[in-house]
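Chemist: For the record, the sequence lines run as chains A and B.
Following this note's numbering, the numbering of the first sequence begins with 1 at its first residue and continues without gaps.
Following this note's numbering, the numbering of the second sequence begins with 1 at its first residue and continues without gaps.
Calculated directly from the structure, the hints in this document are not laboratory data.
Possibly wrong hints are sitting among the right ones.
Unchecked claim - Cβ-Cβ distance ranges computed for the label pairs, FRET-style:
(1) B:ASP60 / A:PRO180: 52 to 60 Å
(2) A:PRO233 / B:PRO176: 29 to 37 Å
(3) B:ARG125 / A:THR469: 56 to 64 Å
Everything numeric in this text was worked out from a predicted model, so none of it was measured.
For glycine and all other residues, C-beta sits at the position ideal for the given N, C-alpha and C.
Each chain, written out:
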Amino acid sequence: MRRVRFAPVLAVGAFALIALTVPILPLPDPLRIDVAHRLLGPSAQHPLGQDEYGRDVLARLLWGARTSLAVAFSAAAAACVLGVALGLVGGYLGRAVEFFAVRTMDVILCFPPLLLALLAVTLLGPGAATLIPVLAILYLPGFVRVVYAGVLGVRSQDYVEAMRALGAGPLRIMFGTILPNVSGPVLVQFSLAAASAVVLESGLSFLGLGVVPPAPSWGLMIGAARATVVQAPLLLLWPCLALSLAILAMNALCDALRDAFDPHALTGAAPRRQLLARLLPGLVPSAGPVLELRNLTLEIGTPEASIHPVRDVSLRVKARETLAIVGESGSGKSLTGLAVMGLLPPAVRVVGGAAWLEGRDLLRLDEATLRKLRGDRLAMIFQDPLASLNPVHRVGAQIVEALEVHRGLPRRAASEKAIAALQRVGIPDPIRRAQLFPHEMSGGMRQRAMIAMAIANDPRLLIADEPTTALDVTIQAQVLDLLANLRRERGMALIFISHSLPVVAEIADHVVVMYAGEVVEEGAAQALFAEPLHPYTAALLRSAPTESGELPVGIPGTVPLPHALPKGCAFGARCPLRAERCEAGRPPLVEARPGRLTRCLRWREVA
Amino acid sequence: MSFILKRVGAAILMVWVVASIVFLAIRLVPGDPAELLLSQGGVAPDPAAVAELHERLGLDRSLPAQYLLDLGRLATGDLGTSLQDESSVADEIAHRLPRTLELIAAAALFAVLVGIPGGLLAAMRPGGVLDRLGRLLSALGLAVPVFVVGTLLVLVFAQTLRLVPAGGYVPLAQDPLKHFTLLAMPALAIGLGLASSVFRMTRAAVLDVSQRDFVRTARAKGVAPARILIRHVLRNALMPVITVLALNLGTLLGGTVLVEYVFNYPGLSGLLVDAVNARDYPEVQGVVLVISVLFVGLNLAVDLLYAVIDPRVRHA
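Just chain A, same shape as in the assembly (with noise of 0.2 Å):
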């Protein structure tokens, strides 16, 4: 939970205090009638003036405080103990008593409320007695389903099948385990129905048919000021200006109660991206490559430090070529891909580096530009296709997107050319397929789709990130296989990010091995499957199933988080090779062997 905002609490705890202490301010009877003097404006006695019948308007502006929040808070009170019993009830105790306590809850809702209030106002007759039960009643549902909704998250948890097992009765289990669970939420629903009720209250004596006269209410005030507003529109101005600035607070205590128990709730925004702060190491482009990532750098700057989450990656891929980035979560590995893409996170920015594509730096390049390169020179596809295609969109009209923002085709020919891209990946039956929304596709298909969005407009580069991880295996093999063929028929480089070798050794023909933001092995796959030289590369090779039936053996320990690195090797902690030089200092990355980079001191001794 985070702390409530301040400012709030102080409005409505100021509006509490008034309602509170009214009785014994030294005002003058808000009842009092002198209609000698009525409609008399300020004077040192009355200092807002008299109202129709002579009263004192401050007396009863600040009475009506008193009113206001009593009603709202006996009924918003009432609400909450039977809708917090009958949800607990509803929720702990299983179907039947579910039905009665959670399913009648509908009923309430089907009517408008102030058409509710109406009713019984009709039935009961005016005054608090029958405003305090009815309004309790249509905040009942709210209460009830927060609470219901809570219990049934909490039920099934750990703690509590641990407290059952223990021998706890269903009454302590509620009341002992469940209800502090869901007290954040009751708080707020608490706060939403004061101040509806407040908002209903104020309207229904408006209209003569909440509070009775002579009883201060602003809602009174301001539908009895209304005959007078020629007169006296100070009379009508006061009240409207009490009422609302309550109902402001109380909304902002709503507000701000949400935002301290809502997990979901966001955060303060994110720092835009900025232009790169640091000069750039090889500023000249290279000609071989496709793409050629020097010296990357990233950060996150947060309140206390700025963490760097990749720190000084270089690799490169030359077309038709595949390169596997590898690594565990936390390796750093997607931030590397978001960054070639442009499409990093809002909190994460660019500090070092660049990367070159066609002789052009694409982390210098401003966000129109590069836009006009994405998705036509290069392009990716992501790990959840559920996720990552659009709900709304037929498959077909989002690939044919692609090709209307680049290549600016006329509907009919791009549509064509979408089919034919479907064809391209694998899809039978295309026509029909391209009318499907992405929910009506398999897990392969849907990615398949992706795969076909992404090289519709034959980018140079394509980056895939864990493509196949949400996928099964058969799937899988078929994915990659696609990819490889696609690669090789159009020329394209792939970049294929990944957490697992097995999938790596089928696809990569080069592999570069991320570790806690940082590369610790470079090399031709064959050579580095062969002969690791970083002990990293080599636990994970023998932590993956192998063929000939070895046992696959973990790595013990984790991966650093970016802020709490050690001073020397960022392995070091979980590296059966570790020694005393190794926590010196970051070892560096050399060229162990020709064409093969490792990050280890101890490197001849790893194979």
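Got chain A sorted already, so can you dock chain B onto it with the hints?
Modeler: Quick look at chain B alone, frame taken from chain A:
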């Protein structure tokens, strides 16, 4: 298809529940409902009048018989007659309902035209000037109750500036210009609050959808920001916005009471308030029933609209 049938079935069930509740409500109140309705300020009503009302409301029969009779009458569209002047409740409602619907439609139009573009603009630069301004205005719009807005509008535009009449109603056929002038103020009074909720929901939904994977895909495709916003984000963001709008409109079906009262607008809700004041139960019952049916119908319409916007819903 089965999706539509299921929703329509649920809606019919809802209408039946509502009718039953309205039927039961008056009979569940302790004491004789006829006496209750006729008593004014603690004076015992005339026994002859009570007996007559018993007969008119059918209270002299057994409860199940009353229930069947009532439902049978409702099914044929007969909502009974007013206790005040014997006029047909159904006729009176049919006369006034279109006016209220027009008012709500005008308010909704205003809310959509202001709230959705506003929310989009604010979401394009979270924390920017437009965003902060929009959030401030929407907080105000939500805080000031609709009858306060209405009263203040009357005070400023009718009584001080004398630009428009303080209220009333003129049929469209009689004087179109005056008709819309008189419609504008109450519609604006409702629309300001409504636009505020639509604004907030649009902003929140657009910000939420902007972070989804498929937006990244669209960017990876090289689609321009404006096109991403309109084509990829907005349509996915519309669902929660429609929900909020529909919920609000449903509430408004009964909630125009206050505005109609302030502007002396002869709509359905005005009829309701008069009926409540006169304790004219058949009329109250009729209006509540009609509004609730509309409310249920509106929710049904929203469900069906979802299916149009989001193809996944059709298979859920």
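Chemist: Return the numbers of the hints above that this structure violates; sort them in rising order.
Modeler: When the structure is compared with the hints, only number 3 turns out to be violated.
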